[in-house]
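Chemist: Each chain, written out:
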Amino acid sequence: MKHWRLVSLLLVVVLLSTMVAACKPKEKSKLDQIMEAGKIVVGTSADYPPFEYMDENNEFAGFDVVLMNEIAKRMGVSVEWQDISFDGLIGALKAGKIDAIIAAMSATPERDKEVDFTIPYLEGTDAILVAEDSDIVINSPEDMGKYKIGVQSGTIHEQWVDEHLPDAQVSRYERADQAIMDLKSGRIDVVAMDYYAAQAYIQQGGIKLALTTNLSGENMAIAVPEGSTELKAKLDEIIQQLKDEGFIDKLAMEYLVNQE
Amino acid sequence: MLKAASEALPYLAEGTMYTIAISVISLFVGLIIGVLLAMMRVYGGRLARGFASLYILILRGFPSLVTLFIVYFVFASSVNLSPFLAGCFALGVTSSAYQAEIFRGAIQAVSQGQMMAARALGMSRWQAIVHIILPQAFRNAIPGWSNEAAVVVKDSSLVYAVGLAELLRRSQQVAARLRAPLLIFAIAGLIYFLLTFATNRLLSWLEERLRIPQMLEAR
Numbered sequence: 001m002k003h004w005r006l007v008s009l010l011l012v013v014v015l016l017s018t019m020v021a022a023c024k025p026k027e028k029s030k031l032d033q034i035m036e037a038g039k040i041v042v043g044t045s046a047d048y049p050p051f052e053y054m055d056e057n058n059e060f061a062g063f064d065v066v067l068m069n070e071i072a073k074r075m076g077v078s079v080e081w082q083d084i085s086f087d088g089l090i091g092a093l094k095a096g097k098i099d100a101i102i103a104a105m106s107a108t109p110e111r112d113k114e115v116d117f118t119i120p121y122l123e124g125t126d127a128i129l130v131a132e133d134s135d136i137v138i139n140s141p142e143d144m145g146k147y148k149i150g151v152q153s154g155t156i157h158e159q160w161v162d163e164h165l166p167d168a169q170v171s172r173y174e175r176a177d178q179a180i181m182d183l184k185s186g187r188i189d190v191v192a193m194d195y196y197a198a199q200a201y202i203q204q205g206g207i208k209l210a211l212t213t214n215l216s217g218e219n220m221a222i223a224v225p226e227g228s229t230e231l232k233a234k235l236d237e238i239i240q241q242l243k244d245e246g247f248i249d250k251l252a253m254e255y256l257v258n259q260e
Numbered sequence: 001m002l003k004a005a006s007e008a009l010p011y012l013a014e015g016t017m018y019t020i021a022i023s024v025i026s027l028f029v030g031l032i033i034g035v036l037l038a039m040m041r042v043y044g045g046r047l048a049r050g051f052a053s054l055y056i057l058i059l060r061g062f063p064s065l066v067t068l069f070i071v072y073f074v075f076a077s078s079v080n081l082s083p084f085l086a087g088c089f090a091l092g093v094t095s096s097a098y099q100a101e102i103f104r105g106a107i108q109a110v111s112q113g114q115m116m117a118a119r120a121l122g123m124s125r126w127q128a129i130v131h132i133i134l135p136q137a138f139r140n141a142i143p144g145w146s147n148e149a150a151v152v153v154k155d156s157s158l159v160y161a162v163g164l165a166e167l168l169r170r171s172q173q174v175a176a177r178l179r180a181p182l183l184i185f186a187i188a189g190l191i192y193f194l195l196t197f198a199t200n201r202l203l204s205w206l207e208e209r210l211r212i213p214q215m216l217e218a219r
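Residue numbers (this note's numbering), protein chains in the order written: chain A, 1 to 260; chain B, 1 to 219.
If we strip away everything but chain B, and leave its shape as in the complex, we get:
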C-alpha cells in the first residue's frame, strides 16, 4: 500500500503544480483588480465608488463555486474557456473583491497628514497616491493579504468541479483506485499545509523586510 502510494506521488506532485499555478495567477489577477477597486472606493467619484461597492457586494456574496460555474458553463456558449483559465478567472475575480477591502483598509490606515504633507510639497494628488500613500498601504496590507493568500490556495481545489485534475481531484482518483482514502488525503492535507505555510512565511519575511521602524514610532 505504501509502495503504491509512493508511486502515486509524482502524479500528485503534478496536481500540486496546477494548484500552485491557479493560486498564483488568481492572487495576481485579484491583486490588480483589488487595488484598482480599493482606489476607486477611496478616491473615486460617486460613480466609481458606487461601481466598486456593488462589485464587492455581489462577488463577496457569491460562493466561489457559483462564480466558477457561471464563468465555465454560462459563458461557455460564447467564449470557450479551458477549465484552467475559467478557474483562474473565477477565483481571481472572487479574490479581487476580498483584496479590495483589504487594500481599502490599508489605504485608509495611512494617516491623512501624509496626503496633506505631500500636496504641500507640490506633488499632485496622483503623485501623492502612487509615491506616498500606496507604498505605505501595501505594507499595511501584508497581514490581511496573507490570510487571503491562504484562502485562495485552498479554494483552488474547487476547480476540480469543472474537470481540472488538480491536487484534490488527483487525490480522490488515487484514493479510489488504492482504496486508501485516509492515507492519500493525509498526504494531500500535508501538501496544502506546506503550501500555505510557505506562503505565510514568505509574506512574514516580506513584512519584516519592508518594515520602516521610524514610521511606527512616528504614529
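With the rest of the complex left out, here is chain A:
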C-alpha cells in the first residue's frame, strides 16, 4: 500500500502547486515557449520496454521515444528527455517541470481532469497472463475475479480491476516486471497488463498469454498541461499526419510486434 501513500502525497503536492501556480500572472502560450526555446521537455518513465527504456548505450529508446523524436523534428525543435517515475509524471507536468508526457499513458477521464490529451496515437490492447504451467482458463476479463490478480499501480489495468472486480484479491506493483516475477513464483495467478509490453516477457518464458482484450476502450495519447490548446492542436495535427503516412503502423510493427 506504499503506493497509495505516494499517490495521496503527490495529490497534496499537486494541489499546493496549483494554488501557487494560480497566483502567477498569465504568460505566453506553451507552444510559443517551446518554439522559442527550440526544445520540448518530455517526461517518460524509462522502465517499460518496448515503449520506453534505456538502451545498451544508456540512451532513451523505444516506440514512444522514436515517435516523440519524429514529432519534435516536424515541429522543428529538439527533445530534452526526462526520466521520472510513472507516478510522478502528472505532478511534474502540472508543476511545469516538463512540457509533455509520452509514457504509454492511456487517456482516462480521471487523468483528463488533470491534464489535456492529444488524439490517441495507439489503440489500447491488453493481455491477461498466467504462469506457463497453469491450467487457468480465462474467457473474459471478469474471469480474473476468481484468482489472485497482479497489476502495475497507477495503470488502467489496476483501475479496471478495482471497478469491475472490487472483491478480487489484488496485488499492486510499482513496476510491471515485479508483477511478472510474482506470477512466475506463483504468489499471484494472473497479471493484466499492456499487450505489447507483455510480448517481451512472454518470449522470455515462464508465462503465457491467456487472453487478448481491450479493458478500457481507451487509447494511448500524449499529455500536455491543461489549457495549452495551441500545443495540443499542433501535436494533434502531426500525430494525424504520422497516422496517415503509415509511420505509426510501421513503428508498431518494428517495436511492438516483431521483437527478437
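These are calculated hints, taken from the structure and not from any lab test.
In this text the structure is predicted, and so the values were computed from the model without any measurement.
Please note that the accuracy of each hint is not assured.
[Said to hold, decoys possible] Short, incomplete list of chain A residues facing chain B, as computed with Cβ under 7 Å: (1) 47; (2) 49; (3) 53; (4) 54; (5) 58; (6) 83; (7) 84; (8) 85; (9) 88; (10) 91; (11) 95; (12) 177; (13) 204.
[What the hints assert, rightly or not] Anything over 12 Å on all C-beta distances counts as not near chain A; from chain B, calculated: (14) 24; (15) 29; (16) 33; (17) 43; (18) 45; (19) 47; (20) 54; (21) 98; (22) 109; (23) 123; (24) 132; (25) 135; (26) 140; (27) 151; (28) 192.
Each residue gets a CB set at the ideal place from its N, CA and C atoms; glycine is no exception.
For this one, chain A is given, so just place chain B on it according to the hints.
Modeler: Quick look at chain B alone, frame taken from chain A:
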C-alpha cells in the same frame, strides 16, 4: 545475461557517483544546520529554543519524500531547482533535524563541570563552547552520526522520484531492459552495502583516532 549486466556496470557506477554526491552534500548541509540547531536548543534563549524545537518537530514528522516533493514541485514556480539541488537541499534539511538531536545529546553529555572550569579559567561562554564543549561533543556524536550517515546514503535513492537517475533508478532501468531484476537489484544492494560499510568503517576509525583515553577514565 551476465555479459549484458557487466556492460551495464559503468552506467550503474555513474549512478553511484550521484548517490555518493547527494549523500555527502546532504550530510554536510545537515551537519552545519544540525550543529547550529543543537546549540540553539542547548544554549539559546526562549525564542531560539522554540524555533529549533519546532523545526525539528516538523521536519522529523515529514517523510523525506514529502519534503522533497514540496521543495521540487511547490517551490518550483518561484525557484527553478535542478533535481540534484532539490534533492541535496531536501535531504540535507531533513537530516539536519535528526543531526540536531544527535548533537544536542552529545553536547548535554559533556559534564557541566567542564563549562564551570572553563569559565573559572577566564574563558567567555562562547570560547568555552567552541574550545571546550564542542570538541568533546563531536567525539560523543560519532556513533549516533554514523547511523544517520547510513540512513542518508539509502534515502538518497528517493531523488529518483523527481527524475534524477541515481543508482536505484538506473538499476530499475537496466533491470527493465535486461528483464533481470534479481541480478541487477542484487548488484545495487551490494553497492549500497559497500557504501554504508565504508562510511561506518571510516567513522569508527575516526572515533578511535580522536579518542581521549584519560577523559573516559576521568568520568
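Chemist: The structure should be examined with respect to each hint, and the outcome stated for every one.
Modeler: Hint-by-hint comparison with the structure:
{"no.": "1", "hint": "47", "verdict": "holds (4 Å)"}
{"no.": "2", "hint": "49", "verdict": "holds (6 Å)"}
{"no.": "3", "hint": "53", "verdict": "holds (5 Å)"}
{"no.": "4", "hint": "54", "verdict": "holds (4 Å)"}
{"no.": "5", "hint": "58", "verdict": "holds (5 Å)"}
{"no.": "6", "hint": "83", "verdict": "holds (6 Å)"}
{"no.": "7", "hint": "84", "verdict": "holds (4 Å)"}
{"no.": "8", "hint": "85", "verdict": "holds (6 Å)"}
{"no.": "9", "hint": "88", "verdict": "holds (5 Å)"}
{"no.": "10", "hint": "91", "verdict": "holds (6 Å)"}
{"no.": "11", "hint": "95", "verdict": "holds (4 Å)"}
{"no.": "12", "hint": "177", "verdict": "holds (5 Å)"}
{"no.": "13", "hint": "204", "verdict": "holds (5 Å)"}
{"no.": "14", "hint": "24", "verdict": "holds (23 Å)"}
{"no.": "15", "hint": "29", "verdict": "holds (22 Å)"}
{"no.": "16", "hint": "33", "verdict": "holds (23 Å)"}
{"no.": "17", "hint": "43", "verdict": "holds (36 Å)"}
{"no.": "18", "hint": "45", "verdict": "holds (33 Å)"}
{"no.": "19", "hint": "47", "verdict": "holds (28 Å)"}
{"no.": "20", "hint": "54", "verdict": "holds (20 Å)"}
{"no.": "21", "hint": "98", "verdict": "holds (20 Å)"}
{"no.": "22", "hint": "109", "verdict": "holds (37 Å)"}
{"no.": "23", "hint": "123", "verdict": "holds (48 Å)"}
{"no.": "24", "hint": "132", "verdict": "holds (45 Å)"}
{"no.": "25", "hint": "135", "verdict": "holds (41 Å)"}
{"no.": "26", "hint": "140", "verdict": "holds (36 Å)"}
{"no.": "27", "hint": "151", "verdict": "holds (18 Å)"}
{"no.": "28", "hint": "192", "verdict": "holds (18 Å)"}
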